[in-house]
Amino acid sequence: MGFPQSFFATKFGITAADLERYLAEALSKGGNYADLYFEYVSTSSLGLEESILKNATQGVTLGVGVRVITGERTGYAYSDDLSPDKIMQAARVAACISNGPASIVKTPLESMGKRDLYPVLTSPNETALMDRVALVRRADEAARSADGRVFQVQVSYADQLKHVLIAASDGTISFDRQPLARMNVTVLAREGDGTPQSGYHGGGGRVDLNWFQNEKTPEHFALEAVRQAQVQLEAVEAPAGETTVVLGPGWPGILLHEAVGHGLEADFNRKGVSAFSGRIGQLVASPLCTIVDDGTMANRRGSLNVDDEGSPTQSNVLIENGILRGYLTDKLSAQVTGGKSTGSGRRESYQAIPMPRMTNTFMMAGESDPGDIVRSVKKGIYCTTFGGGQVDITSGNFVFSASESYLIEDGKITRPVRGATLIGNGPEAMRHVSMVGNDLKLDEGVGVCGKEGQSVPVGVGIPTIKIDKMTVGGTA
Amino acid sequence: MRNAPLEDLVAAAVKRAQTLGATDAECTASEGAEFSVSVRKGEVEKLKEAGSKAVGLRVLIGKKQGSAYTSDLTPEGVEQMVRAALELAHITSEDPFAGLPDPEELGKLEGDLELFYEETALVPAEQKISIARQAEAAAMAADERIANSEGAGFGSYAGSRVFANSRGFVGSYRTSSCSLSTTPVAKLGDSMERDYWYTMARQFSKLESPESVGRKATERAVRRLGARKIDTQKAPIIFDRTLAPSLLGHIFDAASGETIYRKSSFFVDKLGQSVASEKLTLIDDATLVGRFGTSPYDDEGVTSRRTPILEKGVLKNYMLNTYTGRKLGMKTTGNASRGLSGAPSISHGNLFLEPGELTQEQIFKAIGRGLFVTELIGFGVNIVTGDYSRGAVGLWIEGGEIAYPVSEITIAGNLKEMLMDIAYVGSDLEFRGSVNSPTLAIGEMMISGQ
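As you go down the protein sequences, you meet chains H and S in turn. When we follow our numbering, the leftmost residue of the first sequence carries the number 9, and every step to the right adds one. When we follow our numbering, the leftmost residue of the second sequence carries the number 251, and every step to the right adds one.
Just so you know, these hints were derived from the structure itself, not from any lab. Built from N, CA and C at the ideal position, the CB exists for glycine as well. Among the hints, erroneous ones may be present.
Away from chain S, derived, C-beta distances all over 10 Å, residues of chain H [unchecked claim]:
no.	residue
1	Phe-15
2	Thr-18
3	Asp-26
4	Lys-37
5	Ala-64
6	Glu-118
7	Asn-222
8	Glu-242
9	Ser-442
What follows is a list of derived Cβ distance ranges for each label pair [what the hints assert, rightly or not]:
no.	chain 1	residue 1	chain 2	residue 2	range
10	S	Arg-417	H	Asn-218	41 to 49 Å
11	S	Gln-483	H	Arg-383	25 to 33 Å
12	S	Asp-481	H	Ser-384	22 to 30 Å
13	S	Gly-439	H	Lys-19	54 to 62 Å
14	H	Gly-379	S	Gly-618	45 to 53 Å
15	S	Glu-469	H	Asp-139	57 to 65 Å
16	S	Thr-269	H	Asp-139	52 to 60 Å
17	H	Asn-218	S	His-340	22 to 30 Å
18	H	Arg-383	S	Gly-499	39 to 47 Å
19	S	Gly-499	H	Arg-123	42 to 50 Å
20	H	Asn-218	S	Glu-360	50 to 58 Å
Within a straight-line C-alpha distance of at most 27 Å, the following computed DSSO-like cross-link-like pairs (lysine-lysine) qualify [to be verified]:
no.	chain 1	residue 1	chain 2	residue 2
21	H	Lys-348	S	Lys-291
22	S	Lys-513	S	Lys-566
23	H	Lys-420	H	Lys-386
24	H	Lys-459	S	Lys-437
25	S	Lys-562	S	Lys-615
26	H	Lys-62	H	Lys-170
27	S	Lys-479	H	Lys-387
28	H	Lys-386	S	Lys-484
29	S	Lys-581	H	Lys-62
30	S	Lys-265	H	Lys-62
31	H	Lys-19	S	Lys-303
32	S	Lys-577	S	Lys-666
33	S	Lys-666	S	Lys-529
34	S	Lys-513	S	Lys-581
Construct the entire structure; sequences and hints are all you get.
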């Protein structure tokens, strides 16, 4: 499919000549680079609680963002109206960042080669509503019938279909159709009159509805949420202080996202404010660690055919055998540091300026047997599920909240413990990784990453690993 | 001041929904212009300027509801939204408690609430850039250990919010706001620390001076240098007034009608009981002139008011919108909150703790030895159980005085016990954002360190 057959060309009648005119206006006062980001998003969401489908919402947002870069300066304006005069006006506002003679737009604009990492013919957003309602009801029934102690079930389902068109003064046009769907189940369970405990699970990706109907089913998410609550009903107080931590495979990869990923985003490093700044080529983690950010994985939540600046995403090795290999860059940071974009320029919407961001971040599998890893620990904790995390990229200190974890006593997993925050220092925690399992697993598709007020979907993954020393924020 | 064109649009959408079969409908719209600039090392880094508008509709067909929103305000876009909401109302379930507020609840505070200042919208871009530069320069100059800067930012917003429903309510109000912040980076040997300070106001001329913002940001960054990890121990914890609002937020969440009817709060069945130290009186007040949590009515058109949550430690009220009120057999407290999409949720107006007697220094003296927390990170708070475990940065207090900075530790406890164990409430209440607290000291919590 060429640009003339693409969504914005057919639905809004936008032509290559229009795009060239807008870009020329954006560079009318000079600048190294300009781009246009058109976005059309349709969303739907369903909320079921007390077995009642209480809420159903549909929405449409559309708009265009115009960006001009002059050196390290960025001018930005947007419009929620796609009429030519409004787009020209936005281009004129963004152009004010420069103050010189006009720069030249490279023409003709040429379409980038197309990939199809999410070959979803009918996106969930385009299916019959009742099919999606049926999924939500299935989850509710599964959770309620799983355990008599479950007394509250909330199921939410949300999907979106995003069309984007990115035209840049470097002569490129990219367009993409980006489906995304997600289901979440939250349950509360109680033993007699005891304290209620909650359990949560969810997942999704750039998938079709069949994925929910047959692969990761509503029953799967519901039963996992119930299991989480069941575990919490038995949990004792978490320990306080430094201990050995074993992370289970999958979602605990959020450790990498916080401890390493954010600190390697090029905007922080270009400014020298990250704990990892100026350390390329140095040993910053245990030699057992190879960490990759890969935006090209089929159907995954964090994947994109092209990033939000029109660059193809790629698989980027961040740390190889403990040695820092590179940062995640967008066009601006690549231009400033003399490299090439790693396809990591992302933005929340047409109203936001792109920044270097992660996609799917994970650690490559090692050689240890996961059972041996647990058996090697005399005293510690084993964490399998996490809530959110956060990092101070300047000091390198990061936290993440373990929502399912167990004591390890004499090499055996014993009692479950209550939720606790784990805290560490990124480079230091990565040096303390002493065993890496052969069981790499990716998360099931719930990650949302926030940076400077912008949220984007991401994925994480990790094999079972052992960290010799971390601080666990329990009360016992 | 009214936004007549947008009022007409939302009122027409409500009428159209009724014509197409809705028994009730409410429509909200927002329109605004934003400006933001960031500067770093004196140079403009990012400059953004734009305006946008969008509209959201909720319809009821009997006891079934659906909602839709759009940023396409053309007649076709609005018609598509109305039809989508109605289509959805056909597929949802009967919910006996769904519905709009009772007519006698609808209303608006009279008089000028001073939420909008023309001057904020009219400040020239050059001046906005200039004060951001001044704030950063002041931070860089305030201490020689400031080695780098994450820059300074100025942002402003001016817009209006419009609401109408099928019970005859139509209203709109304008708001303005602006803020200035800077984030210096301090260096000592190999370690770096950053911190920030900010000021925000509805009126441009009420912002703290850029010099003061820069100086405070640098004081905060420099005092973190040389931080140590401390031993795992139980100790008194003093929450700085910049952080104590997070605790008020947890109390509010626990008192919210949503967590109460779902039985997912540690305040379930606690109304009228003593749930906190009698030193705590927590008020939600959306009527305070000029404040950030103030509005003439809530997002369902219910008149704004003042509601005590805790009075001397006794849980006096749950925080309710129409739906949660009906679920619990109570009346709304005017705390409905919604964006453009979906059903109303619950949020606070101006949430604040009544101040106590002692200054921060006096609290340090009274505590003698403990942790003064200046930053919290992470999300380790469970409103169902009250379990609390968060990453912390702070200053160790010894002999009633600041001894040295501390980092890479966590503090943990249970909110139920923490609220009962309030040792001191400071006298230093100051209104900045919509949640405000004086310094707050808790008798004892577990600190995890080395």
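Cross-check of the supplied hints:
no., hint, in the structure
1, Phe-15, "15 Å, holds"
2, Thr-18, "17 Å, holds"
3, Asp-26, "19 Å, holds"
4, Lys-37, "13 Å, holds"
5, Ala-64, "4 Å, violated"
6, Glu-118, "29 Å, holds"
7, Asn-222, "23 Å, holds"
8, Glu-242, "14 Å, holds"
9, Ser-442, "19 Å, holds"
10, S/Arg-417 / H/Asn-218: 41 to 49 Å, "44 Å, holds"
11, S/Gln-483 / H/Arg-383: 25 to 33 Å, "32 Å, holds"
12, S/Asp-481 / H/Ser-384: 22 to 30 Å, "27 Å, holds"
13, S/Gly-439 / H/Lys-19: 54 to 62 Å, "58 Å, holds"
14, H/Gly-379 / S/Gly-618: 45 to 53 Å, "50 Å, holds"
15, S/Glu-469 / H/Asp-139: 57 to 65 Å, "58 Å, holds"
16, S/Thr-269 / H/Asp-139: 52 to 60 Å, "30 Å, violated"
17, H/Asn-218 / S/His-340: 22 to 30 Å, "25 Å, holds"
18, H/Arg-383 / S/Gly-499: 39 to 47 Å, "43 Å, holds"
19, S/Gly-499 / H/Arg-123: 42 to 50 Å, "44 Å, holds"
20, H/Asn-218 / S/Glu-360: 50 to 58 Å, "57 Å, holds"
21, H/Lys-348 / S/Lys-291, "25 Å, holds"
22, S/Lys-513 / S/Lys-566, "18 Å, holds"
23, H/Lys-420 / H/Lys-386, "8 Å, holds"
24, H/Lys-459 / S/Lys-437, "24 Å, holds"
25, S/Lys-562 / S/Lys-615, "24 Å, holds"
26, H/Lys-62 / H/Lys-170, "26 Å, holds"
27, S/Lys-479 / H/Lys-387, "22 Å, holds"
28, H/Lys-386 / S/Lys-484, "25 Å, holds"
29, S/Lys-581 / H/Lys-62, "20 Å, holds"
30, S/Lys-265 / H/Lys-62, "23 Å, holds"
31, H/Lys-19 / S/Lys-303, "21 Å, holds"
32, S/Lys-577 / S/Lys-666, "25 Å, holds"
33, S/Lys-666 / S/Lys-529, "15 Å, holds"
34, S/Lys-513 / S/Lys-581, "19 Å, holds"
Of the numbered hints listed earlier, those contradicted by the structure are 5, 16.
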